[in-house]
Structures are given as structure tokens and as C-alpha cells.
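Novice: Here's the letter readout for the chains.
Protein chains: 2
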Amino acid sequence: MSERAVRFVLGERDIPTHWVNLMADIPDDPLPPLHPGTMQPAGPDDLTPIFPMALIQQEVSGDPEIEIPEAVREAYKLWRPTPLHRAHRLERALGTPAHIYYKYEGGSPAGSHKPNTAVAQAYENAAAGIKKLTTETGAGQWGSALAFACSLFDLECEVWMVGSSYDQKPYRRSMMQTWGATVHRSPSDITEAGRAQRAHTTGSLGIAISEAVEVAAQNPDTNYSLGSVLNHVLLHQTVIGQEALRQMEMAGEEPDVVVACVGGGSNFGGLTFPFLRRVLRGHAKTRFIAAEPAACPTLTRGVYAYDFGDTVGLTPLMPMYTLGHDFVPPPVHAGGLRYHGDSPLVCGLVKAGLVEPRAYKQNETFDAAVLFARSEGVIPAPEPAHAIRAVIDEADEAREAGEERVILFGLCGHGHFDLSAYDAFLAGKLEDPEFSEEDLERALAALPAAPALT
Amino acid sequence: MSERAVRFVLGERDIPTHWVNLMADIPDDPLPPLHPGTMQPAGPDDLTPIFPMALIQQEVSGDPEIEIPEAVREAYKLWRPTPLHRAHRLERALGTPAHIYYKYEGGSPAGSHKPNTAVAQAYENAAAGIKKLTTETGAGQWGSALAFACSLFDLECEVWMVGSSYDQKPYRRSMMQTWGATVHRSPSDITEAGRAQRAHTTGSLGIAISEAVEVAAQNPDTNYSLGSVLNHVLLHQTVIGQEALRQMEMAGEEPDVVVACVGGGSNFGGLTFPFLRRVLRGHAKTRFIAAEPAACPTLTRGVYAYDFGDTVGLTPLMPMYTLGHDFVPPPVHAGGLRYHGDSPLVCGLVKAGLVEPRAYKQNETFDAAVLFARSEGVIPAPEPAHAIRAVIDEADEAREAGEERVILFGLCGHGHFDLSAYDAFLAGKLEDPEFSEEDLERALAALPAAPALT
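Line order of the protein sequences matches chains A and B.
First residue of the first sequence? That's 1 in my numbering, and the numbers climb one at a time after it.
First residue of the second sequence? That's 1 in my numbering, and the numbers climb one at a time after it.
In short, the hints are calculated from the structure, not lab data.
It is possible that some hints are incorrect.
One copy or two, it doesn't matter: identical chains are merged, so the pair holds either way.
[Unchecked claim] With a cut-off of at most 25 Å between alpha-carbon atoms, the simulated DMTMM-like pairs for lysine to aspartate or glutamate come out as follows: (1) Lys77 / Asp14; (2) Lys77 / Glu91; (3) Lys361 / Glu441; (4) Lys429 / Asp167; (5) Lys77 / Glu249; (6) Lys131 / Glu91; (7) Lys132 / Asp423; (8) Lys77 / Glu12; (9) Lys132 / Asp367; (10) Lys131 / Glu67; (11) Lys77 / Glu404; (12) Lys285 / Glu65.
Take these sequences, add in the hints, and give me the full structure.
Specialist: Right, dumping it as C-alpha cells:
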């Protein structure tokens, strides 16, 4: 084994000073969100009850770059810049001539990329005089990131955790509480939405959102915080891709293909947007692959339409690929990818043919994750296991074609809280649920009466 | 908040090329281990049935430095060098003029410092033609580090996990299995030692050691691997302190005091030995604090005597502070610190007055850990929480004295698999077991009939 570069590390002075706002590079005007009552374009004023103006401005900004506040860069220093790895051992295990790189975000205190936006949102809310943030969480990745961020900016944090997860995943709850957050089992009896849904004892993400939004809307010193989908959330995540661009330069390589998993789109957008900007500006030719679960195949099987962001139908309508806002994805372990829609920005890029979506079954993603763990060490979360599956397929193709393909992917989190899923996989007890034609028909029937998209 | 350095990072070329062997600097000849049958000094030959010669040579070497094999440095690149942090936020929370630094080892795939020696041991065994390593594990930190290391060097790995942990901590077990290890519940029915102890259904570390050693001793292509206590294990860990020395130079500061927790001593030795060498050579004046649990106060309350390393009494006798080899520490959550003895090297330094031991109760360590998590982000494992408690006390003293004391400590692992302990602490349900005079009397009575130490 000869000396060779494995990890490309940056110093804290290399933390980006600006976020990349891809909105400025999109050729067409973006489709506006619609007010759920009037079906007219929703404006910034519709969002002020639950978001601070600084984040609303980021949400609608057309500026190509937005400066990162110094206090946010200071908070980033706790774990950023994150390393870029060359996966020599995985390449050897695959016998591929491809060069595989991964950007690892699992070293953050909360264990995923989520704190990149959580600290930005906590900072802007604290700066606006807000005292408390509310949010929902499913398996707990987002809730723990926001709890951590609130602890840094002396904000209270109140999390509604989906009842079934609250009961089954006590450790993510303990993590939030260790950072000082209050965690409610949803449906709770402290909100109208929760009391109305008491029959629904296991809860759902839709109900949890309604509870968190209700409390934020009713209290002037309380705001709501969302962990994906919205433009400003993806914006904050672009620190990932900007660092990766520099690190690929250090490695002296240009990626042929960039791969990331997509749930709401914040991990995908965070890694790819800085690379996509170069493509949109004609400076590079790069392929982009969005990996999603076959059990919740929004980008590969959904319809492109205006739909609600939440199950209950309280949010503005967004233009996106959707499986229908009332679709309840089967309980695959990649909880962060179980979302009926996706970020409108990412959906637009898929629609424009700039991003290629691929769907994978649960077992083939765990098969890839175990091979990765046994060669590279890190045990991946089930979400990035989808990206690893796509990477291995690309690497196999490269071997068959005899091509030195350069592949970069986002390893957005570790699987320390997902080991029961590995247990089930290794025991051969993991299911492979798939989306059906019936599911699609139901989705189409449930779409709200909004203008059609082409 | 002004720009200021938070994280000091090194590149992979800065991974040390040699391990620091403090044995070369100890003024007196080291006391030899004794053969348990003859009570005569045990030599290298007594160890060949279960260890490869390369590790035995490291165990007894008087060379001041030992070169790190290139394949081990290659494996280190997966997570090394690890970052050194300045704990600005913790300092602010404490209102102290002290400067607090921590070296964070939790970013390794297994989540602690343990892989530093696991990869070195796996490499030397693979190089010697060994096919399988056996070991014991309590809560699973060491077992998972060795499982990870074996996956890198294509070795089989067989772990005997203490029965009660096997039942209560399925996730550490899943982690080992994900890396390809076979995990047995101890006592198992596949060893004589296990079958003889079947009545002991919850198991113990002592029984698990006996099972792992038995299998290694009986099979020529199988060796045994230990995660702490022995000289060569502490040697491998000195990459931590060497990196920290360079990083403190980058920070432009000289530590007044270096703090680490002690279980078997490998984390403590790994961080402090490179700093201790400077003191022993007259190049620096540094204080060293060894933090241990009041429930298992080996260094603060134990007797300095020859004692067995294991409960059953199969290992050579080692000169160390001991609470008696048959002492079963109360079930505090810092499982890695529940050991009746300590590394002979570390014990000798305590005996010589170069290292100051301090014991802490469980609740005060969790109190410190939660303050740390809420200021610095990372949720510490219960073991380094003992070091954090000592650091906070030092920082409080510095505030009272109006001193800019520079404190460095080892944050040897994260607490992702210890959140039930945080849960209990936050609920006020954590106990504070303490060592009693009765315990000490029993310990003295159980000491083997070996030469007395002064």
C-alpha cells in the first residue's frame, strides 16, 4: 500500500463566507407558492407570523450569493469544515477504476448535515428577538439539530415528535433533552390540532407540523422552524458543496457525477447547487443523480403539480413532484426520505432534465451501506445508503466501460441511531415495500384544485 | 463575537510516524509482571500463545520511539488527525479566565479512541499470518473498535460480550455485526470457561476474558486482543498526545494542566505520555490529572500491589493500584472505567507523584457533561465526563485565583450509545454509588501471595 491522500481537510478560515443562492441562475422565473385559501401567489407577508423577516428575504431572494452572518460562521466552527474522503478501500472492494469521493457531514454534534441550517435559523430568530422555536420531528434528526442550535443561541426549543417514534426511539428524544429542548409526544393535549387528533395515537408528521405551527402562530415571541424543502433551508446547506468544490480541487479532480439522496431536498441541494451553478453557467459538464426510496418515489413516479407541503393542508401550495399530500409512505428506515413532495427548486431541476432521479429498494441500499461500512469504517444512516447504492452502480458501470469515472457523493449522516435497521437487514428481516399504481391514482385524486403545471 | 480560532486541524501528513514509548524515560527499571503459577518474572515466551511477537516486542521495548507501520498510518487516515478544540463557549458559560482545550477522539468510526490501538493490533496479527482475533467487551466500545479494525485487515473477529450488556445494549452488538464480527453472549456454551459459568447468567468481564483467551490459546491461527492496560496498547494511543502537542503549538499555548479519565489507562496514557516525556526530560512543568469514578476509585483508594489483570486469575500478576481482582464495581454508566486495576505504567506515575488522581461521583460528572453539551455541542460519553468534571473544577479555581490557566483534556468519545444514562440523569434518577471501607478490606484480603510493593 503506497502513500496516498485519503482525507482532504480545510481549516476554519476556509468556511465559506457566503451561501450560494441557485435561484439567481435558474433560467425561468420560479413558480410562486400559492396561498391555500385564495390560490393566489403567496407573498412574504403570508409568512411573517411564523418566520423572521431575514429568513423570508432569503426565501425569495434573487441575489446570487448571501453573506453568512459572523455568528453563524462561529457556530459552524464547532464542526466545519467537514472532511472530503477518497474512498480508496471501497474502490478496491468494488474492483472499479472509478475514483469515489464522499463529503462526510456526520461529524456534526447532531450527526448529520441538519445543523448547517439549524444554526442559521436559530441565529436569525434570536437576532429578531424571538425567544422560542417550535418544530416537528419524525425519527428525530431534525429535532436534535434544532435543539443543539437553540442551545447555542439561548433559545427555548419545543419539539413535537411523532408518537410512534417518541415511543420507539427514546435516544433521539434524550439527545434533544440533553441540549435543553422540551419534547412532546404528538398528538399532544396542549394544542387544538393535537386534541382534535387524539384518536390518531401513533401520530404523523402532518399532525406534528400542525401542532408546532399552531403554537408558533399564536405566540408573538415564538416562531416555527423547518428542516428542509424551503429555498432558505437549501441555501444554508450550500456550505457543503462549496467546501467540496475546494476539496475536489485539492484532490486535483473534476467530478463526472455528483450523487446525493433526496427527502425534502436540503442535503441534495446543499451538495449539488455549487456544482450545478457551474453547469448552468457553462463552466462544467457534470451529471447529477438524486437517490430516493422505491417506497416513496417522489421524483421518479410522482406528478408535477401544485400541492400542500403538509398532510393537513395548512401550508402554501408548492410546485413540485408529489405523491399526494395525504400519502403516508410505508415505514422504511430512511425516515428522512419519507416525504410526499420535494423542494420546488430540486423538482424544477429534475423537470428541466438537469438532475436524474433514481429509486432504490430498501434491501439494496442496506447491502450497499454494509459494504461501505466494512471498507470505509463509517456506518451510514439509511438515507445516504441510497446515495451509496447509486454510487456503487455507477462504479460498476465504470468498471464495465473501463472508465476512470470520478464520482462524488454526500454522506450526510451516520447510522448510530439506526442500528436496529442494520440488525433487521443482517437477519434477513428487512422488507422491500414499493409504491403501487393504486397509490399513484389516489395521489392524483387528492390533489388540490390549483392551476395545472406543464 | 470576534473572529477567533476554535478548531485546530492537521493534515494527514501530520499523522505521527512513531509512537512514544514512555518506558524509555521512566527513571527506575519497571517492575516485571509475574507468572501466576511461579510468581517469577513473566517473559515474552509466556505471551506467545495469544499475542504476535511484534506486539510482545512493543510490550517490553525500551526504545524511546517505535515506528508506526505504513499500513497502520493508512488506516489512521480514515479519521486521523483528530481535531483539537478551544472551548470558548464552555469558558464563557463558566465565566472563567482559563483557556480550555480538548482533543476529540469521538470522530473515529467506532466513536472513541479505541481504534488507535485496534488497527495497530489487527495489522500486526494479520502480518503474522493470524486469521482471527478474539476479545471480550462489556458495553461494547472495545469490541466495536476491534470489529472495525478487523474489517480493514480481513481478519475474522469473535467477541464475547458480557451477557447483561448483550441483552441491554443491542445497538453496540449490531455495530460489531455490521462490521462483520461474530458476537457471543457470555457465558457461552462454546467454551469450557463459559460452560463452567452457566449459572452466572448475566456474565462478567472476567468470564468473557476467560472465554476469549481460551479460544485464542487453543487455535494456532487465532490470537487474543486487549483494549487497554498493557504497555503496547498505551503506546499505540500516543498518536493522540503527539497531535495535541503540535496543535497546542498552533494555538500558541502551553498547557498548565492536562486532564484525562482513567479506566485501564489507554486514553490517559495516549494523551499525556508525549507531554509527560517533556516533564521527565525537564523541558516543561505540567500537572497531570487522572479522573476516575468514586464507585471504582482505583488510583485514589486502591492499594499498590501485585494483582491479577482478570477476575478469574489467569493473567500474569501486574504491579498496580488495585481494588482487588474480584471486586465487581457498581454498575455506573462509565463502563469503560469499571476496572479493578490500572495500567502499571500509569500506576507507577501516580506512585511517583507525577500524576494526581481524583475521583468523582456519577451525578457530578453528568452535570458537567450536560453543561459541556449545551455549550460545545458534542454529547460526551460518560467516561470523559469525569475529565470534564475535573476541568470545570480547575477552571473554577482559575477564576477564583484570577489566573489564565491553560487546561487541555481528552474528550475520548461521544455518548451516542449512552443516552439512557442522560435520560436517567435528567430525570433525577441516577445513583451515586461509592466505594466503602468494607470493599477495601475485602480487596486486601483477596490479594494473591506475591512480593509486596513499597
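Novice: State for each hint whether it applies.
Specialist: Here is what the structure says about each hint:
1. Lys77 / Asp14: For Lys77 and Asp14, both the intra-copy (10 Å) and inter-copy (21 Å) Cα distances are at most 25 Å.
2. Lys77 / Glu91: between (31 Å within a copy, 16 Å between copies)
3. Lys361 / Glu441: within (21 Å within a copy, 61 Å between copies)
4. Lys429 / Asp167: Close inside one copy (21 Å) and across copies (20 Å); limit 25 Å.
5. Lys77 / Glu249: both (22 Å within a copy, 19 Å between copies)
6. Lys131 / Glu91: between (49 Å within a copy, 24 Å between copies)
7. Lys132 / Asp423: Close across copies (23 Å), not inside one copy (38 Å); limit 25 Å.
8. Lys77 / Glu12: both (6 Å within a copy, 20 Å between copies)
9. Lys132 / Asp367: Only across copies: Lys132 and Asp367 sit 24 Å apart there, 42 Å inside one copy, limit 25 Å.
10. Lys131 / Glu67: within (24 Å within a copy, 55 Å between copies)
11. Lys77 / Glu404: between (35 Å within a copy, 23 Å between copies)
12. Lys285 / Glu65: within (22 Å within a copy, 50 Å between copies)
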